[in-house]
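Asker: Below are the chains, spelled out letter by letter.
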Amino acid sequence: MGRVGIGLALAAFAVALTLPQFAGPFWMGLVTQMLIFGLLALSVDLLLGQTGLFSLCHASFFAVAAYTTAILQVRYAVPTLLAAPAGLVAGTLLALGFGLAVRTRGVYFILITIALGYIVWGVLHRWSSFTGGDNGVTNVPFPAVGELRIGSHTEYYYFVLAVVIACALVYRVLIASPFGLSLRGIKASETRTRSLGYRTGLHLYAAFVLSGLLASLAGVLYVYYNRFVNPVSASFPISVEATLMAIIGGSGTIAGPFIGSGIILGLRNWVSSFFELYATVMGVVFIATVLWAPDGIVGLVNRLRAARARRKAL
Amino acid sequence: MTPPAIEVGALTKEFGGLRAVDGISLSVATGERRVLIGPNGAGKTTLFHCITGTLSPSAGRVALFGRDVTALAESRRTALGMGRTFQISNVFANLSLAENLVLALIGTGRRKWIMHRPVGAYPDLRRRALEGLEHVGLRQRADESVKHLSYGERRQLELALALNSNPKVLFLDEPCAGLSPGERQRISKMIGALPRDITLVMIEHDMDVALGLADRVTVLHRGRIILEGSPAEVQANPEVRDVYFGHV
Ligand SMILES: Nc1ncnc2c1ncn2[C@@H]1O[C@H](COP(=O)(O)OP(=O)(O)O)[C@@H](O)[C@H]1O
Ligand SMILES: [Mg+2]
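Going line by line, the protein sequences match chains R and U. Residue numbers are given in the working numbering: position 166 of the first sequence equals residue 166, and the series is strictly consecutive. Residue numbers are given in the working numbering: position 104 of the second sequence equals residue 104, and the series is strictly consecutive.
I should point out that these hints are in silico values taken from the structure, not numbers from a laboratory. It should be emphasised that the depicted structure is a prediction, and the values quoted were computed from it without experimental measurement. A few of these clues could be false.
As the list claims (entries may be wrong) - Taking lysine to any residue pairs in the SDA-like style, the calculated list, with each CA pair at most 25 Å apart, reads: (1) U:LYS168 / R:GLY252; (2) R:LYS312 / R:ASP295; (3) U:LYS168 / U:LEU149; (4) U:LYS147 / R:ARG305; (5) U:LYS147 / R:PHE54; (6) U:LYS189 / U:GLY137; (7) U:LYS168 / R:PHE54; (8) U:LYS168 / R:THR191; (9) U:LYS147 / R:GLY146; (10) U:LYS189 / U:LEU149; (11) U:LYS147 / R:ALA293; (12) U:LYS168 / U:ALA29; (13) U:LYS147 / R:ALA188; (14) U:LYS147 / R:ALA309; (15) U:LYS168 / U:LYS147; (16) U:LYS168 / U:GLY66; (17) U:LYS147 / R:VAL209; (18) U:LYS147 / R:LEU291; (19) R:LYS312 / R:ILE6; (20) U:LYS147 / R:GLY106; (21) U:LYS147 / R:GLY252; (22) U:LYS147 / R:ARG310.
Please put together the full structure from these sequences, using the hints given.
Answerer: Put into structure tokens, the structure is as follows:
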């Protein structure tokens with residue numbers, strides 16, 4: 001990260017800290033969602049941006065984690081300290097299974113992950129005696145650990161902010177690590193990494209499981225924010241949106257998925273309030289991104305800055 | 001007697017109906033420098049792919065220092081000491097030169113699994129990556145992206161990747177192809193200066209380079225070996241003149 005990057009990060013942090021002072025409940029809710037879905041987009045981008053795998057089943061891990069936590073909290077009165085980790089474990093176990101999809105590549109990988117995603121959505125939808133069917137699970141309480149409990153949406157916002165910052169810092173180390181470099185090597189040339197001694201399938205599998213864990217974390221954060229969960233959270237459009245967020249914001253970066261999440265959720269809220277064709281608007285935004293900012297907003301900003309630096313140098 | 005570094009037995013590779021490699025048996029002694037020559041399409045690259053595990057052969061076996069590796073994955077063979085370059089440069093285009101070398105350095109060990117510390121926390125990796133680049137004359141460009149390298153520089157990086165995976169047996173697929181005379185000389189000098197404990201198997205079209213480096217030469221034609229011998233023997237052979245020199 002350059003000086004500008006650090007400056008921007010600090011400025012964003014300062015705004016995030018003081019936001020509840022001047023933003024109303026509606027805006028606070030939107031920003032909390034942006035953070036949570038930014039985390040989901042970041043999990044998708046651990047595969048897309050670092051390894052080149054295009055996964056469309058991340059809503060599955062997100063939803064299974066959310067459901068597990070919700071069902072344990074609501075139906076079995078399990079405390080947060082157990083219910084939240086159980087959600088993470090359930091989502092990650094699912095990723096351990098779905099991760100076998102890394103035996104395929106390219107369009108086959110995309111198709112398999114789409115199919116797996118539909119299975120999870122179908123189960124949540126159909127197995128109504130356990131999952132609550134279309135109604136899902138409602139009345140999820142705020143998280144509480146002993147006497148410490150989150151009592152308002154503002155407090156929960158700060159909690160989500162802290163988790164997201166911690167995740168971003170860990171993610172930063174991960175992608176700068178020898179393991180992270182190996183993933184980018186596989187993305188650039190899998191044949192070359194193999195001939196250098198890498199069991200590339202195993203590396204990709206590990207990345208897939210880590211990515212599933214991160215998506216599960218987003219799911220647990222989501223269910224405590226939303227207070228209920230239904231099969232929509234496992235649906236294909238959620239996986240697609242998370243991917244779009246990463247691409248529009250800037251795949252391969254940390255800020256990108258969060259910027260993309262802000263843009264997409266912001267547009268959805270704004271546009272759908274007066275315009276039926278929300279999906280059409282999203283399609284146009286996506287095409288515009290592919291045409292004019294193929295590296296997303298972060299890439300576009302970097303290109304503009306480089307161009308300005310060149311002009312100055314002349 | 002110590003087993004040969006590489007022993008290939010009755011190796012065949014078919015693509016559909018085409019027999020690119022047709023029952024080749026070959027033995028390369030430890031420390032030997034072997035050059036493979038033969039016209040385009042003779043099956044040299046395919047033979048390399050089968051030996052290093054990039055492709056699995058239709059039939060036949062491959063042994064490395066007496067150990068049968070036919071069933072082993074490419075990554076395992078690399079861990080056991082095989083290293084290679086590709087005929088068409090296969091380097092990590094979106095990474096810096098130093099990162100390319102780090103990938104080669106950690107590929108055969110456990111460090112490629114480290115997740116909790118950045119690469120920068122291992123100064124020895126950086127130092128060895130720079131040494132590797134120095135060796136091929138690219139040290140000044142260590143932190144540039146590979147995207148900015150010329151064709152010839154990519155060939156040099158290609159070689160550096162193979163060398164830094166610490167091979168005992170090194171397979172070079174036309175390392176000098178497409179280079180300017182100056183670059184060609186530089187690379188062949190570098191290959192000639194490799195320590196003798198690295199066994200070398202090299203595909204090379206340039207007869208001067210090939211005959212200057214080789215202990216022994218194997219001539220391939222249509223998937224088969226038509227001659228094996230010392231550089232002088234090969235040069236003097238009328239059949240080789242016919243199928244090989246005739247084509248150049
Ligand atoms: N992946 C492939 N699929 C089909 N045919 C191939 C493939 N690779 C090589 N061949 C064919 O096998 C023959 C040998 O090719 P190759 O080993 O590259 O020759 P050389 O390296 O000696 O020039 C050629 O006829 C080539 O067209
Ligand atoms: Mg060839």
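Asker: Quick one, are LYS168 of chain U and ALA29 of chain U close enough, alpha carbons at most 25 Å?
Answerer: Judged against 25 Å, a Cα distance of about 12 Å means the pair holds.
Asker: Assess, step by step, whether the Cα of LYS147 of chain U is no farther than 25 Å from the Cα of ALA293 of chain R, and give holds or violated.
Answerer: Given pair LYS147 of chain U, ALA293 of chain R holds - Cα atoms ~20 Å apart, limit 25 Å.
Asker: Going straight from one Cα to the other, do LYS312 of chain R and ASP295 of chain R come out at no more than 25 Å?
Answerer: holds, 24 Å
Asker: Taking only the CA atoms, is the gap from LYS147 of chain U to LEU291 of chain R under or equal to 25 Å?
Answerer: holds, 22 Å
Asker: Holds or violated: LYS147 of chain U and VAL209 of chain R, Cα atoms, limit 25 Å.
Answerer: The given pair, whose Cα atoms are some 31 Å apart, is violated under the 25 Å limit.
Asker: Do the alpha carbons of LYS147 of chain U and PHE54 of chain R lie within 25 Å of each other, as the hint requires?
Answerer: Cα-Cα ~24 Å, so holds.
Asker: Take a quick look at whether LYS147 of chain U and ALA188 of chain R sit within 25 Å of each other, Cα to Cα.
Answerer: holds, 12 Å
Asker: Holds or violated: LYS189 of chain U with LEU149 of chain U, Cα cutoff 25 Å?
Answerer: With a Cα-Cα distance of about 21 Å, the restraint between LYS189 of chain U and LEU149 of chain U holds, given a limit of 25 Å.
Asker: LYS168 of chain U and LEU149 of chain U were given as a pair; does the straight-line alpha-carbon distance stay at or below 25 Å?
Answerer: Violated, at roughly 28 Å.
Asker: Check whether the Cα positions of LYS312 of chain R and ILE6 of chain R lie no farther apart than 25 Å.
Answerer: It holds: about 23 Å lies between the C-alpha atoms, which stays within 25 Å.
Asker: Verify the proposed pairing of LYS168 of chain U with PHE54 of chain R, using a straight-line Cα cut of 25 Å.
Answerer: violated, 37 Å
Asker: Is the straight-line distance between the alpha-carbon of LYS168 of chain U and that of GLY66 of chain U 25 Å or less?
Answerer: holds, 14 Å
When each numbered hint is compared with the structure, violations occur for hints 1, 3, 7, 9, 15, 17.
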